[in-house]
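Q: Heads up: the protein sequence lines correspond to chains A and B, in order. If you're matching positions, the first sequence starts at 1 in our numbering and goes up one per residue. If you're matching positions, the second sequence starts at 1001 in our numbering and goes up one per residue.
Mixed in with the good hints, there may be bad ones.
[Claimed, not checked] Simulated pairs of lysine to any residue, SDA-like, Cα-Cα distance not exceeding 20 Å:
id: 1; chain 1: A; residue 1: Lys279; chain 2: A; residue 2: Val5
id: 2; chain 1: B; residue 1: Lys1007; chain 2: B; residue 2: Lys1201
id: 3; chain 1: A; residue 1: Lys174; chain 2: B; residue 2: Phe1168
id: 4; chain 1: B; residue 1: Lys1248; chain 2: B; residue 2: Lys1007
id: 5; chain 1: A; residue 1: Lys158; chain 2: B; residue 2: Ile1003
id: 6; chain 1: A; residue 1: Lys208; chain 2: A; residue 2: Asn253
id: 7; chain 1: B; residue 1: Lys1174; chain 2: A; residue 2: Tyr189
id: 8; chain 1: A; residue 1: Lys174; chain 2: B; residue 2: Ala1244
id: 9; chain 1: A; residue 1: Lys174; chain 2: B; residue 2: Glu1181
id: 10; chain 1: A; residue 1: Lys55; chain 2: A; residue 2: Gly41
id: 11; chain 1: B; residue 1: Lys1157; chain 2: B; residue 2: Lys1201
id: 12; chain 1: A; residue 1: Lys174; chain 2: B; residue 2: Tyr1189
id: 13; chain 1: B; residue 1: Lys1201; chain 2: B; residue 2: Leu1240
id: 14; chain 1: B; residue 1: Lys1174; chain 2: A; residue 2: Ile241
id: 15; chain 1: B; residue 1: Lys1182; chain 2: A; residue 2: Leu101
id: 16; chain 1: B; residue 1: Lys1257; chain 2: B; residue 2: Ala1244
id: 17; chain 1: A; residue 1: Lys146; chain 2: B; residue 2: Lys1201
id: 18; chain 1: A; residue 1: Lys276; chain 2: A; residue 2: Ile241
id: 19; chain 1: B; residue 1: Lys1069; chain 2: B; residue 2: Leu1036
id: 20; chain 1: A; residue 1: Lys248; chain 2: A; residue 2: Leu204
id: 21; chain 1: A; residue 1: Lys114; chain 2: B; residue 2: Phe1168
id: 22; chain 1: B; residue 1: Lys1182; chain 2: A; residue 2: Leu179
id: 23; chain 1: A; residue 1: Lys152; chain 2: A; residue 2: Asn171
id: 24; chain 1: B; residue 1: Lys1107; chain 2: A; residue 2: Glu185
Hint data in this document are derived by calculation from the structure and do not stem from the laboratory.
The residues making up each chain are set out below.
Number of protein chains: 2
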Amino acid sequence: MQILVAKKIGFCFGVKRAIELAYQTLEKSKSENSPLVFTLGPIVHNPQVVRQLEKDGIITINDLKEIKKGYLLIRTHGVPPLVLSDAENKGLTIIDATCPLVQRIHKIVTNLKKENYQIIIIGHKDHPEVVGIAGYAGKDHQVIEKIEDLEKIKLDKKLGIVGQTTLFIDNFQKIVLNLIEKAYECRIYNTICFETQARQKATLDLAKEVDLMLVVGGKNSSNTKRLLEICKELNTPVYLIEGAKDLKFSWFNLKKKIGLTAGASTPIRITQEVLKKIKNNK
Amino acid sequence: MQILVAKKIGFCFGVKRAIELAYQTLEKSKSENSPLVFTLGPIVHNPQVVRQLEKDGIITINDLKEIKKGYLLIRTHGVPPLVLSDAENKGLTIIDATCPLVQRIHKIVTNLKKENYQIIIIGHKDHPEVVGIAGYAGKDHQVIEKIEDLEKIKLDKKLGIVGQTTLFIDNFQKIVLNLIEKAYECRIYNTICFETQARQKATLDLAKEVDLMLVVGGKNSSNTKRLLEICKELNTPVYLIEGAKDLKFSWFNLKKKIGLTAGASTPIRITQEVLKKIKNNK
């Protein structure tokens, strides 16, 4: 049995930056009589990373009401501006680990709003990244996940269109195509992350030549779930695992080539552990 | 044999307006010791309309150098701004019969240019409408006719995109789709004429239920040629005729249902003559 690893694995630059910021903040806190360091929701969508950070002293909260003072790390996915102002009003020290590509979307949306565009966000309504963007997008914004959503919504003449960073470009394009027909002006920003696209492409290439794919990553991670979908669309058998412990060797019966890929917030160590466990058991 | 007429025939509002302006100008000229009335190129792309206007006293020229004074009617397709300023400098009285939907494109392009967008015109390079728009679009503009053209051109990060008014929306969308992937921002104006779209839809509906289609209109008329293409794509046998004289009755052998449609600059009288001739000969 041969094991092939996708050309693009390991943390993306946004995740790397967030984790570095987290540890810098922990260091700083230690040098300042240890005020507490919090994140509102998981800083990235990977259970091992979050567990490690918690072990090292970072506390995950679900509501600002739970805390009174300390450092507040903003997750890579970003938050609505109201959350930022609430945190400021409470006197928390904000460390913004929002991915710079998501920050860019916040800026685009803020500017488009000033110029009276109705904001259309293409993405998954309940995903924290989309919830964050929506906070900048004004009352009349719309979130569109699939073509059918277009039938239910009221569109203005001037649309400002952005997409969740982890979308498939094809899905983004398909929805944009429909919007162009309906509006007088569409101002479209291709906000899909270049690293996400490279990762999707690497996964697609690999999934074409193997008998089975393994996707290593958080089950709540949007970009990881897209990698899973890519393999499914190619009809390549595929399993999403969070680490070596989830492996089942029965999956490999009669398989000759196994492909391994990983989400943008999956530590390279976790992927290596998976690789090692497969190799040791073959 | 049954003859069905498309739901949308007769002049579009832009052609109607241009012809009215032409006759108003002729009247005015008569009341003012008859200065000459010119058009630079045919005012619309229909031979009968142009012939009638010439009979009534309007002179078609091909170059401003041919004339010294008088009224200059600007064709429905518009002209580059340089032509307008040349005509003004010569002291000609300009009567602008540019279709308001084309004027709108000139305004959009002018504004986009001010905001440093690279202008992309989707349309037919040599068509006078596109030549006119290109005159407003700055040196770095690009005209794209088909997907393959995209490989040859250099694109900026910020694109301002407009389309020729008589395009198929599908073609416009397909090219836009490709541009979205390549640029940081695409500011897209759906500039396809609503009357053109209604006429294309009516032709499509009719072509689906008949054995043969007749398209009445100028052979140099862009919107008329699109109607021809629609029928061809459906594999419905189709002929483009400029009037009753072009009819060949051999076309109707064994045909049960004939469909009749017409371009936006085809006088209703010409379509009626075609209809009459078929009816009288069946």
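Q: All the hints need checking, so say for each whether the structure fits it.
A: Here is what the structure says about each hint:
A distance of roughly 13 Å separates the Cα atoms of Lys279(A) and Val5(A); the hinted pair therefore holds under the 20 Å criterion. Proximity of Lys1007(B) to Lys1201(B) is assessed by CA-CA distance (about 9 Å); at most 20 Å being required, the pair is judged to hold. A threshold of 20 Å between alpha carbons decides the hint, and for Lys174(A) with Phe1168(B) the separation of about 17 Å falls inside it, so the pair holds. With a C-alpha separation of about 24 Å, the suggested pair Lys1248(B) and Lys1007(B) falls outside the 20 Å cut-off, and the hint is violated.
The hinted pair formed by Lys158(A) and Ile1003(B) fails the criterion: a straight-line CA distance of about 42 Å is larger than 20 Å. The hinted pair formed by Lys208(A) and Asn253(A) meets the criterion: a straight-line CA distance of about 19 Å does not exceed 20 Å. A hinted pair counts as satisfied when its Cα atoms are at most 20 Å apart, and Lys1174(B) with Tyr189(A) qualifies at roughly 17 Å. Between Lys174(A) and Ala1244(B), the direct Cα distance comes to roughly 44 Å. Violation of the 20 Å bound is thereby established for this hinted pair.
The straight-line distance between the Cα atoms of Lys174(A) and Glu1181(B) is roughly 12 Å, inside the 20 Å bound, and the hint therefore holds. Taking the CA atoms of Lys55(A) and Gly41(A), the gap is near 16 Å; set against the 20 Å cutoff, the hint holds. With a CA separation close to 35 Å, the supplied pair Lys1157(B) and Lys1201(B) exceeds the 20 Å bound. Taken as a hint, the Lys174(A) and Tyr1189(B) pair is honoured in the structure, with Cα atoms around 17 Å apart against an allowance of 20 Å.
With a C-alpha separation of about 18 Å, the suggested pair Lys1201(B) and Leu1240(B) falls inside the 20 Å cut-off, and the hint holds. Our distance criterion of 20 Å between C-alpha atoms is broken by Lys1174(B) and Ile241(A), whose separation comes to about 38 Å. For the hint linking Lys1182(B) to Leu101(A), the alpha-carbon distance of about 17 Å falls within 20 Å, and the restraint holds. Between the alpha carbons of Lys1257(B) and Ala1244(B) the distance comes to roughly 18 Å, so the proposed pair stays at or under 20 Å and holds.
Among the hinted pairs, Lys146(A) with Lys1201(B) is inconsistent with the structure: their alpha-carbon atoms are about 26 Å apart, more than 20 Å. For the given pair, Lys276(A) sits about 15 Å from Ile241(A) by alpha-carbon distance, which is consistent with the 20 Å threshold. Between Lys1069(B) and Leu1036(B) the alpha-carbon distance is near 8 Å, which keeps this suggested pair within the 20 Å criterion. Between Lys248(A) and Leu204(A), the direct Cα distance comes to roughly 23 Å. Violation of the 20 Å bound is thereby established for this hinted pair.
Distance restraint check for Lys114(A) and Phe1168(B): the Cα-Cα separation of roughly 33 Å exceeds the 20 Å cut-off, and the hinted pair is therefore not satisfied. Annotation: proposed proximity of Lys1182(B) to Leu179(A) holds, straight-line Cα distance about 19 Å (limit 20 Å). With a C-alpha separation of about 18 Å, the suggested pairing of Lys152(A) with Asn171(A) holds against the 20 Å cut-off. A hinted pair counts as satisfied when its Cα atoms are at most 20 Å apart, and Lys1107(B) with Glu185(A) qualifies at roughly 13 Å.
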